[in-house]
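> Spelled out from the first residue to the last, the chains are:
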Amino acid sequence: MTDLVLIIIFLNGLLIFFTSIKFGRYLFFSSGIMHLIMTIALILNSQNIYFNSYLKCTYEGLVILSIISFLFLCIIFYSISYLKEIQLSNERIFTGSMVLFLSAMTLVSLSDNIILIWVAIEATTLSSAPLIFIHKSKKSLEATWKYILICSVGIALALLGSFFVVLSMDIKGINCPLTYTDFSNIANLLDKKLLKAAFIFILVGYGTKMGLAPMHTWLPDAHSEAPGPASALLSGALLNCAFLAIYKTNKILILAGLGNFSNKLLIIFGIISIFIAATFALKQSDYKRLLAYSSIENMGIIAFGTGVGGLAAYGAILHLIHHSLIKSSLFLTSQNYLFAYGSKLIDKVGNGIKLMPKSSILFIAGFFGISGFPPFGIFLSEFLIIMGTLKQGLYSVAIIFIMLLIIVFAGFAKYFIRIIFNNYDGNIKIPENFQRLLPQYILLAVSIILTFFTFDFINSYISNIQIYSEVLHG
Amino acid sequence: MSNLILTLTVLMVLFCLGSSRLLSIIYLIAFQGFLVSVLPFFINDKITISVILFILVTLLIKSFLIPIFLYFVMKRITIKREIEPIIGYNGSVFLGLIIIIISIFIGNKFNFHINHHNTFLFPAGITTLTSGIFLIIARKKAITQVIGYLMMENGIYLLGLILSNHNLNIIEFGILLDLLVGVMLMGIVLHNINKTFDDIDTTLLKSLRDL
Chain A
860 MTDLVLIIIF
870 LNGLLIFFTS
880 IKFGRYLFFS
890 SGIMHLIMTI
900 ALILNSQNIY
910 FNSYLKCTYE
920 GLVILSIISF
930 LFLCIIFYSI
940 SYLKEIQLSN
950 ERIFTGSMVL
960 FLSAMTLVSL
970 SDNIILIWVA
980 IEATTLSSAP
990 LIFIHKSKKS
1000 LEATWKYILI
1010 CSVGIALALL
1020 GSFFVVLSMD
1030 IKGINCPLTY
1040 TDFSNIANLL
1050 DKKLLKAAFI
1060 FILVGYGTKM
1070 GLAPMHTWLP
1080 DAHSEAPGPA
1090 SALLSGALLN
1100 CAFLAIYKTN
1110 KILILAGLGN
1120 FSNKLLIIFG
1130 IISIFIAATF
1140 ALKQSDYKRL
1150 LAYSSIENMG
1160 IIAFGTGVGG
1170 LAAYGAILHL
1180 IHHSLIKSSL
1190 FLTSQNYLFA
1200 YGSKLIDKVG
1210 NGIKLMPKSS
1220 ILFIAGFFGI
1230 SGFPPFGIFL
1240 SEFLIIMGTL
1250 KQGLYSVAII
1260 FIMLLIIVFA
1270 GFAKYFIRII
1280 FNNYDGNIKI
1290 PENFQRLLPQ
1300 YILLAVSIIL
1310 TFFTFDFINS
1320 YISNIQIYSE
1330 VLHG
Chain B
6 MSNLILTLTV
16 LMVLFCLGSS
26 RLLSIIYLIA
36 FQGFLVSVLP
46 FFINDKITIS
56 VILFILVTLL
66 IKSFLIPIFL
76 YFVMKRITIK
86 REIEPIIGYN
96 GSVFLGLIII
106 IISIFIGNKF
116 NFHINHHNTF
126 LFPAGITTLT
136 SGIFLIIARK
146 KAITQVIGYL
156 MMENGIYLLG
166 LILSNHNLNI
176 IEFGILLDLL
186 VGVMLMGIVL
196 HNINKTFDDI
206 DTTLLKSLRD
216 L
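Protein sequence lines correspond, in order, to chains A and B. Just so we're aligned, residue 860 is where the first sequence starts under this note's numbering, counting upward by one. Just so we're aligned, residue 6 is where the second sequence starts under this note's numbering, counting upward by one.
No wet-lab data here; the hints were simulated from the structure. It cannot be assumed that every hint is accurate.
To be verified - For lysine-lysine, the following DSBU-like pairs were computed, each having C-alpha atoms within a straight-line distance of at most 35 Å:
1) A:Lys1142 / B:Lys145
2) A:Lys1055 / A:Lys881
3) A:Lys1052 / A:Lys1250
4) A:Lys998 / B:Lys114
5) A:Lys995 / B:Lys114
6) A:Lys1250 / A:Lys943
7) A:Lys998 / A:Lys1250
8) A:Lys1273 / A:Lys881
9) A:Lys995 / B:Lys85
10) A:Lys1250 / A:Lys997
11) B:Lys200 / B:Lys80
12) B:Lys114 / B:Lys200
13) A:Lys1055 / B:Lys80
14) A:Lys1273 / B:Lys211
15) B:Lys51 / A:Lys997
16) A:Lys1031 / B:Lys211
17) A:Lys998 / B:Lys51
18) A:Lys995 / B:Lys80
19) A:Lys995 / A:Lys1142
20) A:Lys1055 / B:Lys200
21) A:Lys995 / B:Lys51
22) A:Lys1051 / A:Lys943
23) A:Lys1051 / B:Lys211
24) B:Lys114 / A:Lys997
25) A:Lys943 / B:Lys145
26) A:Lys1051 / A:Lys915
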C-alpha cells in the first residue's frame, strides 16, 4: 500500500496551485518528507505495492528512487532561502511544478509497465517545463520552447519503440501483460527484427530526454535557464529516469540474445556524447551551460559503461549515484554565484575565493569530484568503467574514452580557475548564507561517505544489479 | 470502410503539407483527429463498452478540445499565414508523395500476420508520422510545429492500432492526457512567444547557442 503515498504527493502538487503561497510552501516541504518516508518504507518492504500489475520495486528503480528522494530533500532546504531571496511573483507555479515533477519522476522509477513508463516520462517533461519558464525572459521562453518540442517529439518516437516491443510479442502470437518483468521472462521468444527496430527508437527517444548527443540540444539551454534548484533536480534526477527506461529495455534485448547489437549502440552514443561535451566544454562563456555540458558527458559515461557491461556496468550505476550527488551540489552552488554576481557569464564573475569563500570551496570540491579525483566516488566509478573496458579487450575504445575525459577535465579546469581566482572589481550583490551552503556540504559529504564506507544494503542493491548484468554479459 | 478512412487520413496529410493558411491547417488536423479516432469502430472485432468510451474520449480530445484550444491561441496572434517556409509547398507535397511510396515499400517488407490487421494501416501510420516530423522541420511558425507534433501523434496512434487488444485502455488515457496537457503547455508558451517577440517565427529563437 506504500505506493498510495504517491497519489497524496500528486494531489499535494495540484493543491499548491489553488492555495495561499504560505500554505503552498508548507505542502511543498511536507511532500518531500512524505516522499522520503515512502522511499524508506519501500526499501524495507518492496513487496508492499497496491497497483502491483503496473508498479514494481526493482533494484535499479529503488536506487534511482532513493536518489530522487534525497536530492529533493536537500533542494527543499536550499529552496527555503532561495524563495526568500528571489521573491518570485508566481511562486505557486514553482513549488507546485516541483512537487508534480517529483511525483512524475517517482512514477518513472517505480513503473514496470512499458507504456506507463512512457506516460510518466512525458509527464516529467510537462511538469518541469513551467520551472524553466519561471522568469518569462526571452531566453527562458526559447529554452522552454526547445525543451517541450524536442523532448515531446523525441519521446513520441520512444512510444513508437514501445509499440514495436509489444508488436514483437503479438507477431509471435504470445499474450502476456506488457510489463518489463514479463517481457524479460519471454525475451527469447520475441521477434528479433522488430525488437532491434524497437530498441533504436527507444534509445533515440529516451536518449533525447537523457541528453545523449546528438539529441542533446535542448539540455544546455534548459539547464542554464532554469532556476538553480530546478536545474539541480533536472540534472541530478530527471536524466537518471530517462536512463532507467533505456536500461530496462536493454535488459530485454540482452535476454533476447541481441546484447551485442544494443550494447554496441550504447557504447557509440556514449562516446559521441562525451566527445560533444568535450568539444563544447573547451569553449564556453556561461558557467551554468558548462555544468550542463558536464551532465551530457556524464550521461555519456553512464551509457558507455552500461554498454560495455560486467565490471563497467557496476561502475556505471555507481557513476549515476555520484554524478547526481555532485552535479546537483554544483548547480546549487552556481545559483549562489548567480545571486552574488547577477550574471551567468564567466567573464563577469571572479575573485570567488575572497568574495564568496565557502561557495568557492564547494565549487572547487565539486569540480574535483566531477572530474574524478580520489576522495569522491566518481574516481572509483570511472576507474571501474576503464578497468571493465580493458577487461573486455576493448583497448582502442578505452584509450579514446580516457583521452576524452582528459579533454573535458582541461576545459573545466580552465574555467573553474577563472571563476575562483580571476580579478573582479566591485562588490557582490547577495552574499552567501548558511542555508544556501549546507545542502551542498551534505551532498558532497554523502558522496565521500559512500566511497569510503560500504553500507551493506546499498552494496547489495548495486551488486544485485551487477550480478544481473554480469550473468547477462557472460 | 476502414480503407476509406485511412485514405482520407493520408489525404489530410497532403493537404496540410500544401497549405499556407495557419487556420485551415488547424481545421485539417481536427478532421484528421476525427478520422483517426473513429477508426477503431471499423477495425475492432468486438466493440465493448470500454472501447466505445475510449473512442469517445479520443474523439473529444483529438478533434475538439485540442483544435478549439489552438483556434483560440490563433485568434490572439496577428500572423495568419506561413510566409517563406524552409521547403516550399509544392516541394512539400511532392515529398509527401515520396514518403507515401516509401512507407508502402516498408509496409510490404514487414509482413505482420495479426488477425484483424488491415494491410494499409502500417503505411498510413508511417506516412502520417514521417510527414508530421517533416512539418516540424520544414516550417518556421511555432503553431505549424505544434500541428506537426499532433500529426506525428496521430501516426503513432494508427500504428498502435495494429497491436491486438491488450486491455491497456487505462494507460492509453494517460497517453491522451499527456498529449492534451502537452499541447496546452505549447499553446501557453506560444502565446508568450507572440507577446514577447511580436511573432511566432521560431527563427527568432536563436539567442541560446554555442559557437
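> Next step is simple, just say for each hint if it's right about the structure.
Hints, verified against the model:
no.	hint	verdict
1	A:Lys1142 / B:Lys145	holds, 29 Å
2	A:Lys1055 / A:Lys881	violated, 51 Å
3	A:Lys1052 / A:Lys1250	holds, 30 Å
4	A:Lys998 / B:Lys114	violated, 46 Å
5	A:Lys995 / B:Lys114	violated, 49 Å
6	A:Lys1250 / A:Lys943	violated, 52 Å
7	A:Lys998 / A:Lys1250	violated, 46 Å
8	A:Lys1273 / A:Lys881	violated, 43 Å
9	A:Lys995 / B:Lys85	holds, 25 Å
10	A:Lys1250 / A:Lys997	violated, 50 Å
11	B:Lys200 / B:Lys80	holds, 13 Å
12	B:Lys114 / B:Lys200	violated, 48 Å
13	A:Lys1055 / B:Lys80	violated, 45 Å
14	A:Lys1273 / B:Lys211	holds, 27 Å
15	B:Lys51 / A:Lys997	violated, 52 Å
16	A:Lys1031 / B:Lys211	violated, 48 Å
17	A:Lys998 / B:Lys51	violated, 52 Å
18	A:Lys995 / B:Lys80	holds, 22 Å
19	A:Lys995 / A:Lys1142	holds, 27 Å
20	A:Lys1055 / B:Lys200	violated, 45 Å
21	A:Lys995 / B:Lys51	violated, 50 Å
22	A:Lys1051 / A:Lys943	violated, 56 Å
23	A:Lys1051 / B:Lys211	violated, 42 Å
24	B:Lys114 / A:Lys997	violated, 47 Å
25	A:Lys943 / B:Lys145	violated, 40 Å
26	A:Lys1051 / A:Lys915	holds, 26 Å
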